[in-house]
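If you read the sequences in order, they're chains A and B. Take 1 as the starting number for the first sequence in the numbering used here and just add one per residue. Take 1 as the starting number for the second sequence in the numbering used here and just add one per residue.
Note that these hints are calculated values from the structure, not bench results. Note that beta-carbon positions come from the ideal geometry of N, C-alpha and C, so glycine has one too. Mixed in with the good hints there might be a few duds.
[Said to hold, decoys possible] If you want a taste of the chain B side facing chain A, the calculated C-beta under 7 Å gives, among others:
| hint | residue |
| --- | --- |
| 1 | E2 |
| 2 | A3 |
| 3 | I7 |
| 4 | L34 |
| 5 | D105 |
| 6 | H106 |
| 7 | E110 |
Here is how the chains run, residue by residue.
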Amino acid sequence: MLLPVLLLLPFVCSVIAACMPADARNREVWLAGTACFVSLLGVASLFPQISAGEVMRYELAWMPAYGLDFVLRVDGLAWLFMVLVLGIGMLVVLYAHYYMSPEDPVPRFFSFLLAFMGAMLGIVMSGNLIQLAVFWELTSITSFLLIGYWHHRADARRGARMAFTVTASGGLCLFAGVIILGRIVGSYDLDVVIAAGEQVRAHTLYFPALLLIVLGALTKSAQFPFHFWLPHAMAAPTPVSSYLHSATMVKAGVFLLMRLWPVLSGTEEWRWIVAGAGVCTLLIGSFAAIFQHDIKGLLAYSTISHLGLITVLLGIGTPLAMVAAIFHTINHATFKASLFMAAGIIDHESGSRDMRILRGLGRHMPITATLAIVASAAMAGVPLLNGFLSKEMFFAETLLVGGDTDWWMSGAALAMGIFSVTYSLRFISIFFGKPQVDLPRVPHEPPRWMRFPVELLVLLCLVVGVLPALSIDQILHNAVYSVLGEQMPSYDLAVWHGLNIPLVMSIAALLGGVLFYRLLRRRFNPDLREHVPLIHRFSGAQGYENVMSALSRSADFVLELFNTVRLQPQIFCILLAMVAVIATLGLPSSRHLADPFANLDPLFALLLAIGCICAVAAAWQAKYHRLAALALLGGTGVVVSVVFLWLSAPDLALTQLMVETVTTVLLLLGLRWLPPRKTPKELAIEVPRRVWLRRSRDLALAVMSGLLLAGITYAILLRPSADTIGDFFLLRALSEGGGTNAVNVLLVDFRGFDTLGEITVLAAVGLTIYALLRRFRPAPESLVQPEQQTDPLDPAIHQAPSRQARTGYLMVAGIYLRLLLPFMLLFAVYYFMRGHNLPGGGFVAGLIFAVAIILQYMLAGAVWVEAHLRVRPFRWLGLGLILACATGLGAWIFGYPFLTSHTAHLHLPLLGEVHVPSAFFFDLGVFSVVVGSTMLILIALAHQSIRSHRQPGKSADVEASASMQESS
Amino acid sequence: MEAAIAITIGILFGSGVWLVLRPRTFQVIIGLLLMSYAVNLFIFVMGRLWIDQAPLTLAPGTPDPSVHADPLSQALVLTAIVIGFATTALYLVMMLGARGLTGSDHVDAEEEDEQ
Numbered sequence: 001m002l003l004p005v006l007l008l009l010p011f012v013c014s015v016i017a018a019c020m021p022a023d024a025r026n027r028e029v030w031l032a033g034t035a036c037f038v039s040l041l042g043v044a045s046l047f048p049q050i051s052a053g054e055v056m057r058y059e060l061a062w063m064p065a066y067g068l069d070f071v072l073r074v075d076g077l078a079w080l081f082m083v084l085v086l087g088i089g090m091l092v093v094l095y096a097h098y099y100m101s102p103e104d105p106v107p108r109f110f111s112f113l114l115a116f117m118g119a120m121l122g123i124v125m126s127g128n129l130i131q132l133a134v135f136w137e138l139t140s141i142t143s144f145l146l147i148g149y150w151h152h153r154a155d156a157r158r159g160a161r162m163a164f165t166v167t168a169s170g171g172l173c174l175f176a177g178v179i180i181l182g183r184i185v186g187s188y189d190l191d192v193v194i195a196a197g198e199q200v201r202a203h204t205l206y207f208p209a210l211l212l213i214v215l216g217a218l219t220k221s222a223q224f225p226f227h228f229w230l231p232h233a234m235a236a237p238t239p240v241s242s243y244l245h246s247a248t249m250v251k252a253g254v255f256l257l258m259r260l261w262p263v264l265s266g267t268e269e270w271r272w273i274v275a276g277a278g279v280c281t282l283l284i285g286s287f288a289a290i291f292q293h294d295i296k297g298l299l300a301y302s303t304i305s306h307l308g309l310i311t312v313l314l315g316i317g318t319p320l321a322m323v324a325a326i327f328h329t330i331n332h333a334t335f336k337a338s339l340f341m342a343a344g345i346i347d348h349e350s351g352s353r354d355m356r357i358l359r360g361l362g363r364h365m366p367i368t369a370t371l372a373i374v375a376s377a378a379m380a381g382v383p384l385l386n387g388f389l390s391k392e393m394f395f396a397e398t399l400l401v402g403g404d405t406d407w408w409m410s411g412a413a414l415a416m417g418i419f420s421v422t423y424s425l426r427f428i429s430i431f432f433g434k435p436q437v438d439l440p441r442v443p444h445e446p447p448r449w450m451r452f453p454v455e456l457l458v459l460l461c462l463v464v465g466v467l468p469a470l471s472i473d474q475i476l477h478n479a480v481y482s483v484l485g486e487q488m489p490s491y492d493l494a495v496w497h498g499l500n501i502p503l504v505m506s507i508a509a510l511l512g513g514v515l516f517y518r519l520l521r522r523r524f525n526p527d528l529r530e531h532v533p534l535i536h537r538f539s540g541a542q543g544y545e546n547v548m549s550a551l552s553r554s555a556d557f558v559l560e561l562f563n564t565v566r567l568q569p570q571i572f573c574i575l576l577a578m579v580a581v582i583a584t585l586g587l588p589s590s591r592h593l594a595d596p597f598a599n600l601d602p603l604f605a606l607l608l609a610i611g612c613i614c615a616v617a618a619a620w621q622a623k624y625h626r627l628a629a630l631a632l633l634g635g636t637g638v639v640v641s642v643v644f645l646w647l648s649a650p651d652l653a654l655t656q657l658m659v660e661t662v663t664t665v666l667l668l669l670g671l672r673w674l675p676p677r678k679t680p681k682e683l684a685i686e687v688p689r690r691v692w693l694r695r696s697r698d699l700a701l702a703v704m705s706g707l708l709l710a711g712i713t714y715a716i717l718l719r720p721s722a723d724t725i726g727d728f729f730l731l732r733a734l735s736e737g738g739g740t741n742a743v744n745v746l747l748v749d750f751r752g753f754d755t756l757g758e759i760t761v762l763a764a765v766g767l768t769i770y771a772l773l774r775r776f777r778p779a780p781e782s783l784v785q786p787e788q789q790t791d792p793l794d795p796a797i798h799q800a801p802s803r804q805a806r807t808g809y810l811m812v813a814g815i816y817l818r819l820l821l822p823f824m825l826l827f828a829v830y831y832f833m834r835g836h837n838l839p840g841g842g843f844v845a846g847l848i849f850a851v852a853i854i855l856q857y858m859l860a861g862a863v864w865v866e867a868h869l870r871v872r873p874f875r876w877l878g879l880g881l882i883l884a885c886a887t888g889l890g891a892w893i894f895g896y897p898f899l900t901s902h903t904a905h906l907h908l909p910l911l912g913e914v915h916v917p918s919a920f921f922f923d924l925g926v927f928s929v930v931v932g933s934t935m936l937i938l939i940a941l942a943h944q945s946i947r948s949h950r951q952p953g954k955s956a957d958v959e960a961s962a963s964m965q966e967s968s
Numbered sequence: 001m002e003a004a005i006a007i008t009i010g011i012l013f014g015s016g017v018w019l020v021l022r023p024r025t026f027q028v029i030i031g032l033l034l035m036s037y038a039v040n041l042f043i044f045v046m047g048r049l050w051i052d053q054a055p056l057t058l059a060p061g062t063p064d065p066s067v068h069a070d071p072l073s074q075a076l077v078l079t080a081i082v083i084g085f086a087t088t089a090l091y092l093v094m095m096l097g098a099r100g101l102t103g104s105d106h107v108d109a110e111e112e113d114e115q
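Extracted from the complex, chain A is given alone in its bound form (with noise of 0.2 Å):
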């Protein structure tokens, strides 16, 4: 069990550390500290089982169906993974406490960081390869999230976006690498799939998974020619660069290398491209460490050439070759790690990075630059510390590949010591010499516990350097053992191997080292140099640029080629392609109209045909004739009402008829926000010719789609129906739903939870709406009182609407309109309670009550009625969803799924017994929601008119009640 609470942890204490306020530094800090040394303890304590040889599984069914497990798998190796993440992670946390400044969001860094360090375990842990690619993209994205932390920087911006799109890419090929060895395999299992390495290498797959696990492996940790966005990545904090970009997740890609190796390796095609890709980086990045003027530049190129190096052991494919790679990855993790800290440590106490600046730092800051001397020189691979030892093996097994002829790869191997001896020897430079006095900081020592982390680390170069038996053996043999298995060599971790070839290739790389940098600064000095000289030319950040410009520049053209920003065109094209769909569905025959008007009542048919000619009427004048076109509107409204009263469907009508009518008051509310149109004639232009072209196309097209809808509908009609599951609910409405009236019931028993759903919608639009109008600025020239509003011989005009309805113009109406209120309200009630077993019901009834009070406010005035009634929305909007959910988990209780009915049946005094149903309540909620949402809609429109008389003086509503006061 101890496993997965070892993932989950830091997810967890992500999520935790992501909810901290913004200034809860300490806690964060020992959030994440404790987190990361509780994991630790975790997993210190499995080593024992580990030294064993055990390899400790948990499993979990995941998709059982397609035989993928979640798998968490711990041997030597991951154990060793599992120890650098957390315990590097434990003292960049400590080191970060004190490098962020005040003024950054904490939270959202340890959230990061947390994230991280879970996604990171999560791929040294998975049992199970499409579960480690899941999790190496998440490494992906959350390295993208702490590249551009500080996202008000242009550079970090580049850098994250950079990283993101090389890594990501890379995990996507990784994932369709793993895809493509799972079907080799048959399996999926990490397991599984190393014992079956003889039959991977056969298979006639086996190069295009080798070649796409590669990419994703040689992206990751920053390999040739993908090495460029490493450097771009140091616009991260320090804390991160040190922990994602040279101790852990870099090491992904080698990770990744180390757990397929006994699976890919061994094959001309391995070696060929990784070791190949190692070597041209080692060089690369060794070489162009040298000419680097910011110090995290500098160790960005050592770190890039330091994992060509383990690469390129790892292509060398020797069991020793492996041992020889697993410990320079530690190694590397320890000294380079403790160089990010100190270079961050330099930035942050003197405010520069920059080596051309930077001189004579050992005088103000001594320990430190004690501390970044020792640890550089592990990084040149000076004796007795671990470096040396790494670095040692590493000549060692360049020497076997080429055997006795062959000497290019010791050669690349030697140029690379001397590189790096080279680039340390500049780094260390910045401690000697006369001190710089414009620094924009005196630089003075850290605090103790920022300088802590580096100390400890660099205690352990030299302790692994001096005792390597002693210190390191049992876990790098752990490490080794749980990749080769019975091949384990045997080799000796010692100093002193007496006088042989690679301890003279160290000593020349020393000595070449220093003679190579004393003849740099004396004829070609780095400080002026402005560029790597003979390499600069083949940027690969250049290149990439080029790329994603030349994908934008494509993407703008096939845009411009098929898409328009015009809307006219875009609803002209899925109309079309509507009509000619509708067109292949059939059109009735000839034999179909024979009698095609029988039966026809000529009530009805009139009613029709008034629908049609409003319709058509609307149509006409929709443009230059906004009210009339309203007005036109509602009676097509109207007619289809009556339609569907005639058809059988009274709660059709009912709805329809209510929804009428609060559409028409809502279009009207919009009315006056509208601009003024003159038609041509008044304002005396001709309209062109190719407007009436457009117009004749797009009457075209509308009498095409009337008439094909028209045929389709026919042709459905002459058919006789098909057994529709209709008479499933009306044989159930009332023994299964309780009610008579089969479409309630449907709605609020049967389908009630599609009904839940669209109550949600309805609840989410009115708020939306509300949202929306919050910010609504109204058209300037809208802002003027309308015309009719300021006739000077109109009385009404100085008087409140209030006032107007009380005794103006609008007294017999305001004296009849008040009475209906209540009946109103009757009514509504009156719908709701009957709705289950006749016509009526929660949506009629919220309708029917929201329009009893819009009557109110369109009669005196929104100021007038909320003097008056506290209309709440939000109110009846809330609760009425609060409603529906409690009655469809009220089921629950009783151990039903939910949204189940039940019917009680109640003996009451007076009333006798009534049967109340659960969908009772649920209705109730609807009714609450609709009557909620029609308000708030309404009321939210209705409610501008006063805001912007607001705005440019003072409220005509405020002055006419002001002057009121003054004649009363």
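We have chain A; now place chain B onto it with these hints.
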């Protein structure tokens, strides 16, 4: 009867399509409403035409489905009507907002050279 209904649906739909293709936002909203009438009627009549046979199973005993209209298409249309109101309101507010922001009631928020 069937033909009359079909023709009505066609005319409502055609008027709606014509308006939806127009350049002014108000025309489009009226067009959408006309189209929604047509489509609601279309869905409704998929349950076929019934006269005086509302889906109310008031008679005692087991109901006979052959004498009642199809409740399914009615329930579908009922929800469609209510949602239609909500989308109309949303569209209206967008239309007013766009007019306030851009100063134009053209669907593309900018006037063409003529019109």
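How the hints compare with the structure:
| no. | hint | result |
| --- | --- | --- |
| 1 | E2 | holds, 4 Å |
| 2 | A3 | holds, 3 Å |
| 3 | I7 | holds, 5 Å |
| 4 | L34 | holds, 6 Å |
| 5 | D105 | holds, 6 Å |
| 6 | H106 | violated, 9 Å |
| 7 | E110 | violated, 10 Å |
Checked against the numbered hints above, the structure violates hints 6, 7; every other hint is satisfied.
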